[in-house]
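I would like the entire structure built from these sequences, with the hints used as guidance.
2 protein chains.
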Amino acid sequence: MKFNIALLAGDGIGPEVIDQAVKVSDAVANKFGHEITWKPALTGAAAIDAVGEPYPDETHDVCANADAVLFGAIGHPKFDNDPSAQVRPEQGLLKMRKKLGLFANVRPTFTFPSLLDKSPLKQERIEGTDLVFLRELTGGIYFGEKGRRDDGETAYDNCVYTRAEVQRLAKKGFELAMTRSKKLCCVDKANVLETSRLWRETVQAMEKDYPEVEVSYEFVDAVAMRLVQWPNEYDVLITENLFGDILTDEASVISGSMGLMPSASMGADIALFEPIHGSYPQATGLNIANPMATILSAAMMFETAFNLPEEGKAIRDAVNRALAEGIVTEDLADGGKSYGTKEVGDWLASNI
Amino acid sequence: MKFNIALLAGDGIGPEVIDQAVKVSDAVANKFGHEITWKPALTGAAAIDAVGEPYPDETHDVCANADAVLFGAIGHPKFDNDPSAQVRPEQGLLKMRKKLGLFANVRPTFTFPSLLDKSPLKQERIEGTDLVFLRELTGGIYFGEKGRRDDGETAYDNCVYTRAEVQRLAKKGFELAMTRSKKLCCVDKANVLETSRLWRETVQAMEKDYPEVEVSYEFVDAVAMRLVQWPNEYDVLITENLFGDILTDEASVISGSMGLMPSASMGADIALFEPIHGSYPQATGLNIANPMATILSAAMMFETAFNLPEEGKAIRDAVNRALAEGIVTEDLADGGKSYGTKEVGDWLASNI
Ligand SMILES: [Mg+2]
Ligand SMILES: [Mg+2]
Chain A
1 MKFNIALLAG
11 DGIGPEVIDQ
21 AVKVSDAVAN
31 KFGHEITWKP
41 ALTGAAAIDA
51 VGEPYPDETH
61 DVCANADAVL
71 FGAIGHPKFD
81 NDPSAQVRPE
91 QGLLKMRKKL
101 GLFANVRPTF
111 TFPSLLDKSP
121 LKQERIEGTD
131 LVFLRELTGG
141 IYFGEKGRRD
151 DGETAYDNCV
161 YTRAEVQRLA
171 KKGFELAMTR
181 SKKLCCVDKA
191 NVLETSRLWR
201 ETVQAMEKDY
211 PEVEVSYEFV
221 DAVAMRLVQW
231 PNEYDVLITE
241 NLFGDILTDE
251 ASVISGSMGL
261 MPSASMGADI
271 ALFEPIHGSY
281 PQATGLNIAN
291 PMATILSAAM
301 MFETAFNLPE
311 EGKAIRDAVN
321 RALAEGIVTE
331 DLADGGKSYG
341 TKEVGDWLAS
351 NI
Chain B
1 MKFNIALLAG
11 DGIGPEVIDQ
21 AVKVSDAVAN
31 KFGHEITWKP
41 ALTGAAAIDA
51 VGEPYPDETH
61 DVCANADAVL
71 FGAIGHPKFD
81 NDPSAQVRPE
91 QGLLKMRKKL
101 GLFANVRPTF
111 TFPSLLDKSP
121 LKQERIEGTD
131 LVFLRELTGG
141 IYFGEKGRRD
151 DGETAYDNCV
161 YTRAEVQRLA
171 KKGFELAMTR
181 SKKLCCVDKA
191 NVLETSRLWR
201 ETVQAMEKDY
211 PEVEVSYEFV
221 DAVAMRLVQW
231 PNEYDVLITE
241 NLFGDILTDE
251 ASVISGSMGL
261 MPSASMGADI
271 ALFEPIHGSY
281 PQATGLNIAN
291 PMATILSAAM
301 MFETAFNLPE
311 EGKAIRDAVN
321 RALAEGIVTE
331 DLADGGKSYG
341 TKEVGDWLAS
351 NI
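The listed protein sequences derive, respectively, from chains A and B.
Just so you know, full-length UniProt numbering puts 330 at position 330 of the first sequence, and the rest follows in order with no gaps.
Just so you know, full-length UniProt numbering puts 306 at position 306 of the second sequence, and the rest follows in order with no gaps.
What the hints contain is simulated information worked out from the structure, not anything from laboratory work.
Since the structure is predicted, the reported quantities are computational estimates derived from the model, not experimental observations.
Cβ coordinates follow ideal geometry from the N, Cα and C atoms, glycine included.
Treat the hints with care, as some may be off.
What the hints assert, rightly or not - From the structure, some residues in chain A lie toward chain B, with a derived Cβ separation under 10 Å:
hint	residue
1	126
2	199
3	229
4	245
5	248
What the hints assert, rightly or not - Beta-carbon label-pair distances, calculated as ranges:
hint	chain 1	residue 1	chain 2	residue 2	range
6	A	313	B	151	42 to 50 Å
7	A	151	B	58	39 to 47 Å
8	B	330	A	151	57 to 65 Å
9	A	232	B	30	43 to 51 Å
10	A	82	B	1	55 to 63 Å
11	A	128	B	58	49 to 57 Å
12	A	317	B	233	33 to 41 Å
13	A	205	B	317	38 to 46 Å
14	A	313	B	278	42 to 50 Å
Now the structure itself:
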């Protein structure tokens, strides 16, 4: 197959880790007989410096016409330390999500056999954990009307959802569940909130279209508990924006490998893949950043955007071998021998 | 000192565990020279059966005139299994909270040296954890206007807070922090929500009244992570209703001793103390229910309502000795020798 992939390296360690993901993806394409055309485009601080805008129209055109977007990281301290800055790199992220219509944030949490001891949870609790949250990303209380009244003494935030918003997110969840163990959990607070009742009734009405998927409904506070107790009992979880913000972060730490976690943001037509870590500006150019989260984001891209599970597995297997054999950057070396960003990428590319 | 304590045993195992808390409290009063007058009153299913109402006016009078309320548990399966029931035991709880003006839910999470291995977290992560959440209980999105529009296709829930609501909760938090390690964490989402910005600015303005208290501000999703990673870094946390609902449940499982956790609900004039477990109807009358959460709720009552930390510590010390010596009900016996509800209460009372 032939793919056009928009390549948004971004800021900080972004370009270094993206380079490794390109190398590994090319190795996969080579092995499986695919052809990737990479379409680099500017974003973040790099784009502000070049054209005064963190998500320029030219970059959007590249993304909109690609089969997928692979993204590094955004953010630069020169903007953080300048409260007067009118244009900030992070605005590029919000603009990109909005213009590409990315409404579902996909956040997996899984374990690496050789890193189980890094989890804050006991081994028997975390072993075998392999779950995915689909978080609604464009609605709910974060985007509802908000403000003050009574001379500023009263504040309000409105949470609003439409049935169509729930349906398009839930559809992604059912589809993802069908490619996995066919278990879907809808996380809500339907005993109290009207928006949650809309979520629940909408998902319930969709069950008949996916008769093979076993659907459960759990309250958000119960899930916050069970994620710590028995995370390996979950598979695919769908939820609204605020609940997802809290629970995906909670889930990200239970494996103890947060620095390795990939993610995706999906729209109707396009999906973007990126590590959950940031631009780590202090490490820029030092060849010490861990490229594995970005490389695993490329694995997700093969699996999710191109429906090529074997290709994704080839990357995951190589990463697990590298971890087991100690081919790791210093963050995972526990004071022992470590490798550079580029060397880890090279090893993975030649072990695909 | 002399105390009048309203005694609401409630349903299921409530009466059995309350009996043990009374026995232990009387032993403490005896040792320290206090005089307790217990004022029993009906609530829950027991009250519905007797007078047709789960929180009768007579019960409210007893509570409103007491120095504190000690509460067992509410709930009976005959109502759960009857969808046509017009009056339910749980309504008594809501009515009681409302009529007594209980606006702050106090939820401690701490560890027992001899039960550390029950935590899903590794020992070095959970050791020394001793934190308290103060959750706002009467405002926020659970109580805001909610409904549907567009023929039911759009649902909404409004989150509303006033400065006065934040102040009265935060005041309890600052006061509690002053009796502990003088660390207070305000949990919000002030980077996105207007209600959170009101919370943050209100707490910031109160800092000058408590110059000894070191106040930090953290986002709810970051706290959901750090509670799993390093729970022992927190002390007193204050937060709004929904965030508190999620985070207190998450916190309750990290110690692995959820069945032992006490709680309190505080108003301006009165406070109520109760275990976080339920009425466990299947165990009613079998003398197998663990009374320790209720007994530890009595310890909280001495400490919080009567400002008698030594008396509270006497109870906690006795509980820790019982746990260390295996004087426990079957839920904690790991298949070994276990004791009845009454026998555990007797042992604790005679070891005060
Ligand atoms: Mg978050
Ligand atoms: Mg809860």
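Status of the hints after comparison with the structure:
1. For residue 126 (chain A), the interface hint holds, since its Cβ comes within 10 Å of a Cβ in chain B; the closest pair sits about 9 Å apart.
2. Evaluation of the residue 199 (chain A) hint against chain B yields a held restraint, the C-beta minimum of about 8 Å falling below 10 Å.
3. Evaluation of the residue 229 (chain A) hint against chain B yields a held restraint, the C-beta minimum of about 5 Å falling below 10 Å.
4. Here the hint on residue 245 (chain A) is kept, as its CB sits about 5 Å from the closest CB of chain B, short of 10 Å.
5. Against a cut-off of 10 Å between C-beta atoms, the interface hint on residue 248 (chain A) holds, since the closest Cβ of chain B lies about 8 Å away.
6. Between residue 313 (chain A) and residue 151 (chain B) the CB atoms are about 46 Å apart, so this pair conforms to the stated range of 42 to 50 Å.
7. Restraint check, residue 151 (chain A) to residue 58 (chain B): a C-beta distance of roughly 43 Å satisfies the suggested window 39 to 47 Å.
8. Taken as a hint, the range 57 to 65 Å holds for the pair residue 330 (chain B) and residue 151 (chain A), whose Cβ atoms sit roughly 59 Å apart.
9. Residue 232 (chain A) and residue 30 (chain B) have their C-beta atoms about 50 Å apart, which keeps the hinted 43 to 51 Å range intact.
10. Range check, residue 82 (chain A) to residue 1 (chain B): about 60 Å between beta-carbon atoms, so the 55 to 63 Å window is met.
11. Checked against the hint of 49 to 57 Å, the C-beta distance between residue 128 (chain A) and residue 58 (chain B) comes to roughly 55 Å, which is consistent with it.
12. A beta carbon spacing of about 37 Å between residue 317 (chain A) and residue 233 (chain B) agrees with the range 33 to 41 Å that was offered as a hint.
13. For the hinted restraint 38 to 46 Å between residue 205 (chain A) and residue 317 (chain B), the CB-CB distance of approximately 56 Å leaves it violated.
14. The beta-carbon spacing between residue 313 (chain A) and residue 278 (chain B), approximately 45 Å, falls within the hinted interval of 42 to 50 Å.
The structure does not agree with numbered hint 13 stated previously, though it agrees with all others.
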